[in-house]
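S.K.: Same order as they appear, the protein sequences are chains A and B. Numbering of the first sequence is given in this note's numbering, commencing with residue 21 and proceeding in unit increments. Numbering of the second sequence is given in this note's numbering, commencing with residue 21 and proceeding in unit increments.
Keep in mind that the hints were calculated from the coordinates and are not lab data. Worth double-checking, as some hints may not be accurate.
One side of the interface only, derived from the structure: several residues of chain A facing chain B at Cβ under 8 Å [unchecked claim]:
#1 25
#2 62
#3 63
#4 103
#5 125
#6 146
#7 333
By construction, the Cβ of each residue, glycine as well, lies at the ideal position given by its N, Cα and C atoms.
Protein chains: 2
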Amino acid sequence: MERFGRQSLKMSRPPAVESYAAAVGKKEGQGPLGALFDLVSQDTLFGQKTWEQAETQMQKLALQAALEKVGLCEKDLDAAFVGDLLNQCIGSNFALRDTHIPTFGLYGACSTMAEGLLLAAIGIDSGAFRRTLTLSSSHFAASERQYRFPLGYGGQRAPTAQWTVTGAGAVLLSHRGKGPFVTAATVGTLVDCGIKDANNMGAAMAPAAYETLRAHFDELSLAPEDYDLIVTGDLGYLGSDLVRALFERDGVKLGTRYDDCGCRIFERKAQDVHCGGSGCGCSASVLCAELLNKLRSGELQNLLFCGTGALLSPVSTQQGQSIPAVCHAVAFSSERSV
Amino acid sequence: MERFGRQSLKMSRPPAVESYAAAVGKKEGQGPLGALFDLVSQDTLFGQKTWEQAETQMQKLALQAALEKVGLCEKDLDAAFVGDLLNQCIGSNFALRDTHIPTFGLYGACSTMAEGLLLAAIGIDSGAFRRTLTLSSSHFAASERQYRFPLGYGGQRAPTAQWTVTGAGAVLLSHRGKGPFVTAATVGTLVDCGIKDANNMGAAMAPAAYETLRAHFDELSLAPEDYDLIVTGDLGYLGSDLVRALFERDGVKLGTRYDDCGCRIFERKAQDVHCGGSGCGCSASVLCAELLNKLRSGELQNLLFCGTGALLSPVSTQQGQSIPAVCHAVAFSSERSV
């Protein structure tokens, strides 16, 4: 592993994406990526009794699908890096409690998939692990009642609000394989520009995304043109426009090579999602369906996947605090070395 | 890094403990370790307006004290591994939001200090980072109102209940230095033996501690006698008795070389703590005051530090779920190689 600047790393032995899978809810299945998900449940409870247990079930389904694609089982995994949005990460902890996989719990809000991939890649590159799982999820109904209001309350949504994706993504990284590969990464710092509106998380997270992208390009001597696609996690329409504007201030046009997973997963108008998708499951399921497929097929040669997380809680909002945010960037390439 | 069995690792370049510090509350200062903490606040709000902000302040104080001891500042840290018990880990996220330190958020409940040390050690051994921070905390009043009842309610405590430590610990690991050193580690799996009583977390966590210790000894061909001291995080009196009993079933007597941080931090009777201390801050502050001091002074040559976490939430309890638990073990030695 080689360090570049304060935040960036290049892998010495780039870990390979061995398998991946995404399980999502009905609304996500009706969106533009619907046909790409491994599993679309028409039942938002996924056969369980509660939304939280549904989220656990969704993680189990994504993990099982990822394992089955390559004929592996849980005992083949040396470590798991998992997390979600639920208090005390019960989605993940209950999904993995019967698996006997050595497990690291993460809390990076909606940046969890990127954070987990980054730590898994370090672990594999170091020789600590041969094969890892990164697993993350969110569930619209579980999130709404935890962060905002119970759905039955029928609260009106602000124009800047985003729609929490019901989805889970699982990625298996391995010390060997035909790729795509994780080649480099940039670890995010916590950025708080003073946004206090918990219904405008795109604006709260955009400066963190900008700072991490800026560090990635500067420290690794890269430019946006070095990537076929740069995606942020779940800034949505407003947040991703802000990232574009912040780069334009520097004289850099991100153009169509930049997009946001929250803008890709739903039809903005037809699906009434206001500012787009959000939640740990947003970037996780878009990565594990559309993006890794495109790297496998050759449609993309390289991808910069930037998970973004708003690190607030309802309590911090009630106490008048602004919203710290983080963004971790993970570079994928169809080639082992770039 | 070398792998042993399913869960254990030996460091190739054992990271050194460069500095550490603990900040605690008044009650902890009155306990048997009181004189060892770097900072004891007589004000349980640590000068802040809320318990949650007090927890953030405690983390900042522990970090600053650890940095000052060795004349370092925040920009000298390549990565931070942080977490706490508050929903969405706001203790840690708000502590680090102004620091510009590349940050990984963790959720391992009370195992967070051990989990963070383990990941930091992998990161340093791999060359990804030269110097890391691991930081964790808990606050009695913030925990009580989040997990149980607001303090003003005056709810009676069960005999098996533990007292959440108000404390924070910060450890700086470095790729060089005179130690003590992190030499080996065992990553925990999630263990759920069906305990549903959220007021008996010692019993819920004891099987996880036993499983991780068992794996550590078996995979690394070690015995309890290879350590001067083995401590679990916060099993308290009941949970640590269960660990002893589980080992006795195997014909192994842990004896006085085994103890629990939750039994060391308070005077059981005089401080009315029922089954002992708990919380992320329990093992973090005991490690960063008593235990690392004893490794430095030579009173201990080696230590097995086992963070234990109960991965429940109030919601999972309300939904009738049992309690998954985890235990991560980190071996410290005053010598670089063992």
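S.K.: Determine for every hint whether it applies to the structure shown.
M.R.: These are the hints, each one checked on the structure:
1. 25: violated, 10 Å
2. 62: violated, 23 Å
3. 63: For residue 63 of chain A, the interface hint is violated, since the closest Cβ of chain B sits about 18 Å away, which is over 8 Å.
4. 103: At 6 Å from the nearest chain B Cβ, residue 103 of chain A passes the 8 Å test, so the hint holds.
5. 125: At 4 Å from the nearest chain B Cβ, residue 125 of chain A passes the 8 Å test, so the hint holds.
6. 146: The hint holds - residue 146 of chain A has a Cβ within 8 Å of chain B, the shortest such distance being about 3 Å.
7. 333: Hint on residue 333 of chain A: holds, closest Cβ of chain B at ~4 Å, below 8 Å.
In this structure, the hints that do not hold are numbers 1, 2, 3, in rising order.
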